[in-house]
Amino acid sequence: MSRFRLFDLNPAQHDAATTLEGPLLILAGAGTGKTRVITARIAVLLGHDVPPHQILAVTFTNKAANEMRDRIKGMVDDAKGLNISTFHALCLRILRVSIEKLGYKNTFSIYSEGDQLGLLKKIINRTSAQDENLEPAVAKAWISKAKNNGWRPPEDDETLVGSVYRQYQIALKQLNAVDFDDLLMLAVRVMDDHEDVRDLWRGRFRYIMVDEFQDTNKLQLDLVTLLAGDPPNVCVVGDDDQSIYGWRGAEVSNILDFERYFPNPHIVKLEQNYRSTNAILRTANSLIKNNPRRRPKSLWSDNGDGEKVRIVQMPDDRVEASFVTEEIQRMQMENLAPWEEFAVLYRMNAQSRLLENNFRRLKIPYRLVGGKSFYDRREVKDVLAYLSVILNPTDDVSLFRIVNTPARGISGATTERAMEQSIADKCSVFETLRSEEFLATFTKKTAGAIRDFAALLDRYETRILEPAADFASIVNAMVEEIGYLEDLKRSCKTPEEALSRESNVREMLNALADYQERKDGGLQGFLDDLALDQKKEEEDDDQAKGVTLITLHAAKGLEFSHVHLIGLEEGLLPHARSKLEGTLDEERRLLYVGITRARKTLTMTHCNSRLKFGNTSPCSPSIFIRELATDDLELTNHHALMNQPVEDSSVRASFARMREMLEGK
DNA sequence: AATCGTCTGCTTTTT
DNA sequence: GCAGACGATT
35 MSRFRLFDLN PAQHDAATTL EGPLLILAGA GTGKTRVITA RIAVLLGHDV
85 PPHQILAVTF TNKAANEMRD RIKGMVDDAK GLNISTFHAL CLRILRVSIE
135 KLGYKNTFSI YSEGDQLGLL KKIINRTSAQ DENLEPAVAK AWISKAKNNG
185 WRPPEDDETL VGSVYRQYQI ALKQLNAVDF DDLLMLAVRV MDDHEDVRDL
235 WRGRFRYIMV DEFQDTNKLQ LDLVTLLAGD PPNVCVVGDD DQSIYGWRGA
285 EVSNILDFER YFPNPHIVKL EQNYRSTNAI LRTANSLIKN NPRRRPKSLW
335 SDNGDGEKVR IVQMPDDRVE ASFVTEEIQR MQMENLAPWE EFAVLYRMNA
385 QSRLLENNFR RLKIPYRLVG GKSFYDRREV KDVLAYLSVI LNPTDDVSLF
435 RIVNTPARGI SGATTERAME QSIADKCSVF ETLRSEEFLA TFTKKTAGAI
485 RDFAALLDRY ETRILEPAAD FASIVNAMVE EIGYLEDLKR SCKTPEEALS
535 RESNVREMLN ALADYQERKD GGLQGFLDDL ALDQKKEEED DDQAKGVTLI
585 TLHAAKGLEF SHVHLIGLEE GLLPHARSKL EGTLDEERRL LYVGITRARK
635 TLTMTHCNSR LKFGNTSPCS PSIFIRELAT DDLELTNHHA LMNQPVEDSS
685 VRASFARMRE MLEGK
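Heads up, the first sequence is in this note's numbering, so the first residue is 35 and it goes up one at a time.
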C-alpha cells in the first residue's frame with residue numbers, strides 16, 4: 035500500500051510520526067530529517083484511513099509545499115485531496131469564498147510590494163504637512179507590523195502613520211484590493227466576526243501540521259487556533275534556534291510557549307543530525323547555548339568528527355573575496371566536489387559584489403540567490419495590470435499603470451483630474467473615465483482617446499468573462515492589438531534589453547497558456563498563482579549551476595558540502611543595528627543557521643578592515659567567535675595560509691585535472 | 001517626456 | 001560606492 039518504511043526512522047522520528055492525536059510539538063534541529071518526519075506522519079495518517087481532505091499541512095514557502103507534495107507522492111499511492119499549502123494560499127482560498135462578508139468583492143486583486151508602495155506614496159503626499167516626512171517604505175513596514183499584531187487603524191489623526199494606515203485600508207477596500215498581510219488578517223477577521231464562516235472551516239481539517247513554526251506570527255497562530263477542531267490535532271514542527279524572521283513579525287514565543295496555546299502537548303526533540311560532522315555541530319552548539327530563552331537541545335551525528343572548523347583572519351574584504359574564490363577553485367580542481375556543493379554565505383547582499391567580480395575573473399560558474407523577481411519587471415507588471423483591471427475594474431492602481439502604456443494620448447494631467455473627480459464622486463477611476471459628463475470637459479481628441487481606451491477594456495472584459503473563454507489567446511490578441519511589444523521595443527536602449535524584455539512578456543504569455551491547460555482556475559487563478567509565487571518564473575530559467583552566493587537568511591533550509599561564511603565582524607554579524615534594537619540573540623541564531631548549513635567543511639572569515647560607504651574602516655572580530663568552543667577550531671590568518679607548503683598529492687591532482695580540462699576541449 | 005546631474009542614505013525580505 | 005529619487009533642464 036504505502037512505499038515507505040516506518041522502521042527507517044530513528045526512535046524520536048518514529049515517535050513524532052506516529053503520535054497522531056492531540057497537540058504535538060516537534061523540535062527539529064537543523065538537519066535532523068524534519069521533512070522526512072512530516073511526510074512520514076502524513077503517510078501514517080493516510081495508512082489509518084484518514085481521508086486526505088481532512089489533512090492540512092501548512093508551510094511558509096511554495097518551495098517547501100512543492101517539496102512536501104513531491105515527497106508524499108513518492109511514498110503513498112494516492113495523495114489526491116491532501117491540503118498542502120502556504121499560509122497565504124490557504125487564506126486566499128478562504129477569502130475567495132467568504133470575503134464578501136467583509137464588504138469586498140470576491141474578484142479582489144492582490145497588491146504586490148510595488149503596488150503597495152505606490153499607493154502609500156500617494157496617500158502620504160496628500161496627507162502629510164509640509165514639514166512632515168514619511169518614507170513609503172517605513173509606513174509600509176509599520177502598517178505590516180500593525181496588521182500582524184492585530185492592531186486596527188486608529189480613529190483619529192493623532193499620528194501621521196496612524197492616519198496613513200487608516201486611509202490606506204479605506205483605499206484598498208475601494209480599490210477592491212488586498213495586500214499580503216491582508217490575506218492573513220482578513221481571513222482571521224472573517225472567521226472571527228462571522229460564526230457561519232468559522233463553522234465552514236473549523237474542524238474541516240481534522241489533522242493540521244505547521245512547518246517552520248518558529249517563523250509564525252500572531253495572525254498565523256490565530257489562524258491555526260481558529261481552524262483547529264476539538265480536540266486540536268495540531269502538530270507543529272520547528273526549531274526556535276533557527277528563528278531569524280523576528281524583524282518581520284515572527285514570534286519565537288509561539289514555539290517557546292506552545293503549551294500556553296495548546297495545553298498538554300506531546301513534545302518530541304529531534305537531535306540526531308544527518309548532515310554535518312561533529313566538529314561543525316559542536317561549534318554550532320557552543321554558539322547557540324549562549325542564547326537565553328530557548329528550548330535546550332544539542333545536535334550530534336554519526337558522521338565522525340571531520341575536519342576542524344577554520345576561522346581565518348583577513349587583511350581586508352578584497353583579500354577575503356579573492357581568497358574564498360581561489361580556494362573554492364582549488365578545492366574543485368582537486369576533485370573535492372562539483373561547483374554546486376560550494377556556497378558562500380554572508381550577512382548582506384552588498385557583500386556579494388566583490389565575490390561576483392572574483393568569480394567572473396576566474397570564470398567560475400555561480401548563482402546569486404536573491405535579486406529582483408520576474409514579477410517585479412516592468413513589462414511583466416504592465417501586462418498583469420491589464421489583466422487585473424479587466425477582472426477588477428475598481429483597481430485604480432493597475433489602471434493608472436496602463437492608462438497610457440503604450441502611449442495613447444491620455445496624459446498625466448488627464449489622469450490627475452480623473453482621480454480628483456473619482457474621489458469627489460466616490461467611484462472608481464474607470465467609472466469616471468466612462469462618464470460622459472467628465473469627458474465633456476476635455477478636448478475632442480483627449481475624450482476620444484479615453485473612450486477608445488474604455489471601449490478596449492470593455493471589449494476584452496466581455497470576451498474573458500464568457501464561459502469557457504480561451505483566455506490565453508484572448509490575452510495574446512489584446513497584447514497584439516495594443517501594440518505592446520512594439521512599444522516596449524521602442525523604449526529599450528539596447529537590442530539586448532529589448533530582446534530580454536520581449537522574452538519576459540512571451541514567457542508570461544506561455545505561462546498563461548500553460549496554466550490554462552493544467553488548471554481550471556481561470557484568469558483569476560492564474561493571477562493568484564503568480565501573486566503568491568513570485569519566484570517561480572525566475573527559478574525556471576535560472577536553474578543555472580554553480581557556486582551558490584547567498585545571504586544567511588535565504589540559506590535556511592539549504593545545505594552544502596563546503597561552506598565559506600564571510601564577514602564575521604562586529605557591526606556586520608552581529609549587524610550594527612541589532613545592538614540598537616536589542617536583537618543580538620537573533621543575530622546569533624543567524625550565524626547558527628549559517629554554521630549548520632555545512633556538511634563537511636566550514637571556513638569562517640573576518641577582516642581587519644573593510645570598505646564601508648566608500649571609505650576604509652577598521653573592523654574587529656565578531657563577539658560570536660569568542661563564544662565558539664576552541665577544541666574544534668583552527669584559528670589562522672591569510673598570511674599563514676598563503677605560506678603553507680602545498681601537499682604533493684594535491685599538486686598532482688590539480689595538474690591531472692588541468693590536463694583533463696585541456697585535453698577534454 | 002526624457003535625460004542629465006545632484007543628493008541621500010544605506011540589513012535581512014518566505015508571501 | 002553606488003543605487004534610487006528627485007528636480008532642473010532641453
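Don't read these hints as lab results, they were simulated from the structure.
Mixed in with the good hints, there may be bad ones.
What the hints assert, rightly or not - Below, in silico cross-link-like pairs of lysine-lysine (BS3-like), each with a Cα-Cα straight-line distance of 27 angstroms or less:
#1 331 to 303
#2 634 to 323
#3 207 to 155
#4 107 to 634
#5 179 to 97
#6 107 to 135
Remember, it's a predicted structure, so these values are computed and weren't measured experimentally.
Quick rundown of the hints versus the structure:
1. 331 to 303: The given pair, whose Cα atoms are some 8 angstroms apart, holds under the 27 angstroms limit.
2. 634 to 323: 22 angstroms, holds
3. 207 to 155: It holds: about 17 angstroms lies between the C-alpha atoms, which stays within 27 angstroms.
4. 107 to 634: 31 angstroms, violated
5. 179 to 97: 25 angstroms, holds
6. 107 to 135: 37 angstroms, violated
In summary, the structure is inconsistent with hints 4, 6 from the numbered list given earlier, while agreeing with the others.
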